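Those sequence lines, one after another, are chains G and R. Counting in the UniProt record's numbering, the first sequence runs from 1 upward without gaps. Counting in the UniProt record's numbering, the second sequence runs from 1 upward without gaps.
Intra- or inter-copy, both count: the list cannot distinguish identical chains.
Computed cross-link-like contacts, DMTMM-like style, restricted to lysine to aspartate or glutamate with a CA-CA straight-line distance of at most 20 Å: (1) Lys70 to Glu243; (2) Lys100 to Asp84; (3) Lys88 to Glu107; (4) Lys355 to Asp409; (5) Lys88 to Asp102.
The hints are simulated quantities; they were obtained by calculation from the structure and are not laboratory data. Because the structure is a prediction, the values reported are computed rather than measured.
2 protein chains.
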Amino acid sequence: MSVLTTADSSPTAAVDLGPAAALSCRECGERFPLSPIFACASCFGPLEIAYDLPSGDPEGLRRRIEAGPKSIWRYAPLLPVPADVASKPNLNPGFTPLVKADRLAAELGVTGPLYVKDDSGNPTHSFKDRVVAQALEAARAFGFTTLSCSSTGNLAGAVGAAAARAGLRSCVFIPHDLEQGKVVMAAVYGGQVVAIEGSYDDVNRFCSELIGDPLGEGWGFVNVNLRPYYAEGSKTLAFEICEQLGWQLPDQLVIPIASGSQLTKIDKGLKELIATGLVEEKPYRIFGAQAEGCSPVSQAFRAGHDVVRPVKPNTIAKSLAIGNPADGPYVLDIARRTGGAVADVTDEEIVSAIKLLARTEGIFTETAGGVTLGVARKLLAEGTLDPSLTTVVVNTGDGLKTLDAVAADTGPTATIRPTLDSFREAGLE
Amino acid sequence: MSVLTTADSSPTAAVDLGPAAALSCRECGERFPLSPIFACASCFGPLEIAYDLPSGDPEGLRRRIEAGPKSIWRYAPLLPVPADVASKPNLNPGFTPLVKADRLAAELGVTGPLYVKDDSGNPTHSFKDRVVAQALEAARAFGFTTLSCSSTGNLAGAVGAAAARAGLRSCVFIPHDLEQGKVVMAAVYGGQVVAIEGSYDDVNRFCSELIGDPLGEGWGFVNVNLRPYYAEGSKTLAFEICEQLGWQLPDQLVIPIASGSQLTKIDKGLKELIATGLVEEKPYRIFGAQAEGCSPVSQAFRAGHDVVRPVKPNTIAKSLAIGNPADGPYVLDIARRTGGAVADVTDEEIVSAIKLLARTEGIFTETAGGVTLGVARKLLAEGTLDPSLTTVVVNTGDGLKTLDAVAADTGPTATIRPTLDSFREAGLE
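Could you put together the complete structure from these sequences and hints?
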């Protein structure tokens, strides 16, 4: 297990990752120096970043953030990156729109303010650019020369693009049956793309093997050996949502669950905003969203279990199709602690939600966004989400990458000859 | 011709479109009140907006802009929109990244700063969101209830999305042979999409007929009867580029040509920045880019003609496939007046440029972006573009919408079983 728990012989002493002070075990709390490891040497628990966060002057910190770049790097004082990160070649993702969704709210019977955090505006059109940007800095700090990942699609594109901008080699691993848009997007940046005959969970297991093999030397797997750094990127969603609400916590958040990492890190981000005094503490509730065809966390929530039993995914929401979600137990804990819930929707409900969001707000989301909005709609109908509170639904991706989900019945209303008579005959006016 | 030249009986007296003062003929200079017309009653020349621009306090104006929203609405004092535009339901496009493209520059032998203005970050991932946002305000001002357009694809999606957000009906017209991504994106917002058996020029002619017919009453065609307002949106590209360069003019701009409107309005925007004192006057050169398979302006430029002879388009760059470009003569004039040029590239060169941009900067552009970068590369090789100056290449769209252009040879490097042996056999390490 030494590959999991011990730093390379690379010069990690010189590592400058800003306020990141150490790695800390989420289970037993043991601390380790910053290095490319992801599991605790004592208890094999997952590691996360511990910080020396700025304190004592929240007003000054807020001004510094507001004067920063229009990207996640405005939050550099709260991230595991060097202070000069914005000047390095990277995709500068983030600071995507928080859209006030009044027409959607009216249709859902929501009376409180409803927002969609629209991450389709990121450089490769998914929230993955946020996490990859952190992993890239860690890869540079640890001297890795190849950027890699296991991916359900969005991540492969984000890694390929980030590596291209940074001038690093990339090699990404995907299941062999992905949507064409995601495959082309993974490959177009010129890196290596390896399709694996198997599910995402097979791809993930393979990458864990590769990382322990000499073949994987010098490789930074953004979501394996760089995972503690990578995962912190999701906090920036929490930071932006609160800043865009005028430095306030929302009352309710609805977040998709793949590995569960995004949801747990959004919660971590909210807690760090409270700890630094950037927002005032108040209760908030976190809701997790899955597709029925891959709903191990939702099933565990309903059954009152603390553990998550792996499933074999079968859903159109391929970017969420992780049958064995690493952060599942933490998600259950957060949903229960905050008074939230975890729920799931069918593929039909996913497609219906995609169209609802497009029709009411002009936002074309991918299947994952359909899952999240579909679950929000379901929880509202059940009375689990309070329609009178400030609610944020997180849209993590872009409909152009999952055209197949809607293409079958989304085409021209009519095909005509270029004449008024032909138009009249079509009866559209 | 009354439909072309006379305002409706709608209450145009109450029209508040900010600093827009009147419509003015680009040929004879005659002025008309703000209304949904697009051709001069005296000489049938195209109309454009005349402004009462802010003057006398450029520093104050600059501060006001910099404190504005992170969208095109920061430039509301220079656009035909009401002052409270940002509070109305629209897609808030713009303020997209100006990417310093150092790796691309190195590969092209450019020594001066090279930038890509990356408009794929707009809400529907093309620059069209900028122009539609202006037309939407005009439609609201003139009381239109249906938003419409003729489109080569990107515009249809932008109109559908903007109408959905604003709660207007939409009906858009497209050629029947568009890329699937663009068709789905046009239709997913729930408006009507009419496919026309013919080329874009046929679609355009049909829309002009429809607008003169009772069938088209109450319809705002963003690029026909609302064209003078619509076209102004392209100025925001000029505004953003200069602000992002620290309120300076670039030396050279390379811009794609479809109708030619974008290029002429970027030039107009630069001149307005000079007129208001927001930037210091200095020479700049404007270069236009076309695909060889639809290069009427480039052919006229090379031949030294002042008029543009229409062509029948045949190129993979469908979003630029306008065989009879309305603003062609103005483009020729601007390229010659500023010391620029107009050139074209083959479909092969387009694909090669798409891949070059993806590989060096992690930006996946559509075919139109391949045209623009391809022409920039060609003009550099010829010595027509000066490699030592500040150059901006405008990327107007997103590669996900034209997957077919690269899909044939952009896929997995290898397909393997999820084992180290299978990976080793693939010989990729």
